[in-house]
Structure formats: C-alpha cells, structure tokens
Amino acid sequence: MSPAPPGSSPSSPVSPAAPGPRVRPAATLATTATATALTTLAYTSPTASLAATAQAAHLGATGRTWILTGTLVGISALLLTAGSAADDHGRKRVFTFGVLLFTAAEALAALAPGGAVYLVSRVLLGAASAAVLAPALGLIGHAHPPGPDRIRALGVWGAALGLGIAIGPVYGALVQQWAGWRAVSGGIAVGSAVVAGCAVAVLTESRAERPRALDPYGVLTLAAGTSCLIAGLAEGRDGWGRPTAVALLTGGVLLLAAFAVVEARVREPMLDLALFHEPGFVAATGGALFTGLSLVGFMSYLPTLLQGVLGLSGPAAAGVLVLWSGLSVVSALQARRLATRLTATTQVALGLLVCGAGELGLYGLAPGSSWLRLAPGLAVAGVGSGVLNAALARLAIGSVPAHRAAMGSGANNTSRYLGSALGVAVTVAVAGSARPGSPGPAAAARALAAGTDRAVLVAAALCLVGALLALAARAAEARSGTEPDAARPARRPTVVR
Numbered sequence: 004m005s006p007a008p009p010g011s012s013p014s015s016p017v018s019p020a021a022p023g024p025r026v027r028p029a030a031t032l033a034t035t036a037t038a039t040a041l042t043t044l045a046y047t048s049p050t051a052s053l054a055a056t057a058q059a060a061h062l063g064a065t066g067r068t069w070i071l072t073g074t075l076v077g078i079s080a081l082l083l084t085a086g087s088a089a090d091d092h093g094r095k096r097v098f099t100f101g102v103l104l105f106t107a108a109e110a111l112a113a114l115a116p117g118g119a120v121y122l123v124s125r126v127l128l129g130a131a132s133a134a135v136l137a138p139a140l141g142l143i144g145h146a147h148p149p150g151p152d153r154i155r156a157l158g159v160w161g162a163a164l165g166l167g168i169a170i171g172p173v174y175g176a177l178v179q180q181w182a183g184w185r186a187v188s189g190g191i192a193v194g195s196a197v198v199a200g201c202a203v204a205v206l207t208e209s210r211a212e213r214p215r216a217l218d219p220y221g222v223l224t225l226a227a228g229t230s231c232l233i234a235g236l237a238e239g240r241d242g243w244g245r246p247t248a249v250a251l252l253t254g255g256v257l258l259l260a261a262f263a264v265v266e267a268r269v270r271e272p273m274l275d276l277a278l279f280h281e282p283g284f285v286a287a288t289g290g291a292l293f294t295g296l297s298l299v300g301f302m303s304y305l306p307t308l309l310q311g312v313l314g315l316s317g318p319a320a321a322g323v324l325v326l327w328s329g330l331s332v333v334s335a336l337q338a339r340r341l342a343t344r345l346t347a348t349t350q351v352a353l354g355l356l357v358c359g360a361g362e363l364g365l366y367g368l369a370p371g372s373s374w375l376r377l378a379p380g381l382a383v384a385g386v387g388s389g390v391l392n393a394a395l396a397r398l399a400i401g402s403v404p405a406h407r408a409a410m411g412s413g414a415n416n417t418s419r420y421l422g423s424a425l426g427v428a429v430t431v432a433v434a435g436s437a438r439p440g441s442p443g444p445a446a447a448a449r450a451l452a453a454g455t456d457r458a459v460l461v462a463a464a465l466c467l468v469g470a471l472l473a474l475a476a477r478a479a480e481a482r483s484g485t486e487p488d489a490a491r492p493a494r495r496p497t498v499v500r
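In short: position in the sequence shown from 1, add 3, done, that's my numbering.
In case anyone wonders, no lab produced these hints; they're calculated from the structure.
Model, not experiment: these values are computed from the prediction.
Estimated spans, in silico, between C-beta atoms of each pair:
id, residue 1, residue 2, range
1, A33, P151, 13 to 23 Å
2, A464, E212, 39 to 49 Å
3, R340, L276, 31 to 41 Å
4, A277, P151, 23 to 33 Å
5, L223, S372, 45 to 55 Å
6, S483, G371, 49 to 59 Å
7, L217, G443, 55 to 65 Å
8, A277, P148, 25 to 35 Å
9, V333, A59, 29 to 39 Å
10, A59, R213, 48 to 58 Å
Note that the Cβ used here is the ideal one computed from N, Cα and C, for glycine as well.
Kindly generate the complete structure, drawing on both the sequences and the hints.
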C-alpha cells in the first residue's frame, strides 16, 4: 500500500494510487527505431567490402563467408528466446542489456587483434542484435495503444529497418576505404553507446502479468538447430556434398524437429504451436520467411554480383543498392495510408507481389551495361519492401496475445533471418551455376550475368509463393471472421511499478 499523504492518519481515505512510471511514446519510438537501424547497419556494413575486410583481417575465403554468417547464427539462435525473456522478465531490461552487449561486440571488433577474434565479435553481435530486435516491437506496442498511432509507429520502425540496410553497405565501404576495417565497428560502437544511455533514461519497463516458466530444452534445441542450419548453409556454398555441410544441415533439421516436439509437450512453451492455427500468425511468420528468402537474401548478395558483372567498386555497388533500400524507408513511412483500406495480411501479399515485379525488372544484366538499367526494378522493389516491412511489423504483434508481443516479434524476426540465410545460399548456388565457356575474365563475367538472371527468376518466383501463402491466410481470416492487426483493440501489458 502507498504511504498516507502528510497530515492524514493511516485510516483516513487516500487518493487513488499514484500513476506508474511515465510512458514516453515519442522517445520510446526514437530509441527503439535507432537501435533497430543500428543492428541492420552493423550486419550489412561489410557486404560491399567483404573481400577488402577479409584481407585486412587476414581471413581467407571461408572467413569472408563467416563475416556475415556469424552474425546470422547469433541472431537467429536467440531471437525467439530473447522475445520470451523480454515478455517474462522485462522488455526494457532485455533491450538495454542487448544494446550494451551490442556496444561491447562492436568495440571488440574494432580492437580485435586478428581475424579469429573479429569473427567471434560478429557472432556476439548477432546475439546482441537479437536482444535488441525482439523487445523493440513490444516496447513500441506498450507505448502506443492500438489504432492509427500504433500503425504510424510501426511504419517508422519498418522504415528504420530499411534505413540501416540502406546506409550500412555505403558506410562500411567508405569508412573501410578511408580509415580501415576497425573504424567501421568503432563508429557503430560509439553510436550504440549513446542509444544505451537513452534506453536507460527514457524507456518504461513492461512485461507480462504472469511470467512463464523457463523452457530450457526449447531454448537449447532452437539455438542449436538454427545455428547448425545456418552454418550448414554457409559451408554448403563450397559444395553441398561435403561431409561438414551435410552433417550440419542434417543436425539442424533434426534439432529443429526436436524443438517442435519439445514445444508440443512442455506445459509452458516458449513458442505456443497452437498459434500456427491462427491465419494471422501464419501470415506473419510465413511472410517474414519469404521476405528473407526471396528479397533480403538476394539483395544482400547483389552488390557482389554487381562488382563481378559490371565491374563496379564496392562503394559504387553499395550506392546502387541504396535506390532499393532508400525507397523502402520512404514507402514504410507512407504505408500507414494503406491500413484503412487493407488488412495487414493483404498488405503482406501486395508487398511481396510488388517486390517480385521489381526483381523481374533486374533481369537481363550484362557486362558493360549501365547500372541505370537496374534503376526501375530496384525502385519498384524498394516500394514493395517498405509496404512489406510495415505490414510484417503490424502482424508480428497483432497476431499474438498482447502480453506476448516480444515473443511475436522474436518469432517474426527469426523467420526473416532464417529466410535470409537460406536466400543467400540459394542466390550463391544459382548465380554460380553458369560455367564460362572459355577462360578469361570476360567469359567469367558473362557466365556470372547468366547466373544472375537465373537468381532473379528464382527470387521473383519465391515472392509469388510467399504472396500466395499470405492470400491463403487472408482467405482463412475471412472465413473465421478474425483480423489480427495493430488497429484492433487489445489489453495493454502490465506496467512494472
């Protein structure tokens, strides 16, 4: 009970309990969106200068692959776990810890004495990013009640996701060229330290009213399964029949199957499998998976293809990609205008179809052609990406109970990053499937161009499959009369007082 006001006796009437900690919607959105942008910036910053960074850090071809794969392993293994922990033990607590760990990981990368420590820092960066991304949508959902204000806030979060992707490759290529690979991580460490201070100062703690029991077997099987699967996809780039790749992929599939068995049997699962009976949750996780598989994976490797086919420098290839990622930022900010006309599930289907059309516009890349040839397709795909990011954010927290918002975010982002890892592997395999008919760099560039065209067609086809899945979920929503959305009234999670 609150102490009696001065001058009153303990038995005298007391005014209603003082309000809980002040919720700052604008500051919460600014802090979580900035942290989200930093996570995607840190992940994509090496993409346009992989070869130069690997050479400077004394890493070989395998090490170059693991610069990106290490982060994917860390982030995919812990996203769902971080989301559940945030719902049960405090979203601000997990988010702040994540930003501090993120700062430490980037500082370690900047100070790494060699390639091995740098790769360890990239895995640690992924784990920290999971602890940042999973609670972010839960914090936004708590600070912004359901309705137009939440839809606008989630659009801003989706734009931040694209902003980091837009800036990352250009930032990484330019800073690496001017100041070296250590400075790339050092600059991000400074920015994330500032965000950590803001998180402590402005965020309000929130969590589920009744925390769930720990699900240790679920945590272990999911983390090990996703780690093995992504590691196997990375190792498979050098040959899918290699014993290491086969063992990792087989182990990953078996461990993920074990995770499903564990979640079906445990009393309080980290991921309630009954959610997969809900069309909105299927659209959220399936849409995120196909976004990573058909779009993020392909676009992540596109700068490398542009360097090989068009002979562009790293910064130039990254600059071309900004047309896609930059327009996704603008589109996500405007996607709220669709919310009054389209459900989030329909918006996912529309976004994937638009992205597929844009990817088809990239077909026909040839050595010697201008990068302007790609501009229309990249612009269309960018608009679709923004619509998609905003819709997936709406579904991530609108398709789960309000008190499990961070878990919903974790499940959504886990699907996205698993899809991204698989998408990169598919793109590398398909783009490298064409063999030059004669020796020499010109023949190699022509073969890579032919492989790139095949990868474009595969990516566009995957967009179509994802869109059909979303449309099927929308039809199921219509039959059941359910419509999970950020605009739907929902009970606000309990604030820790």
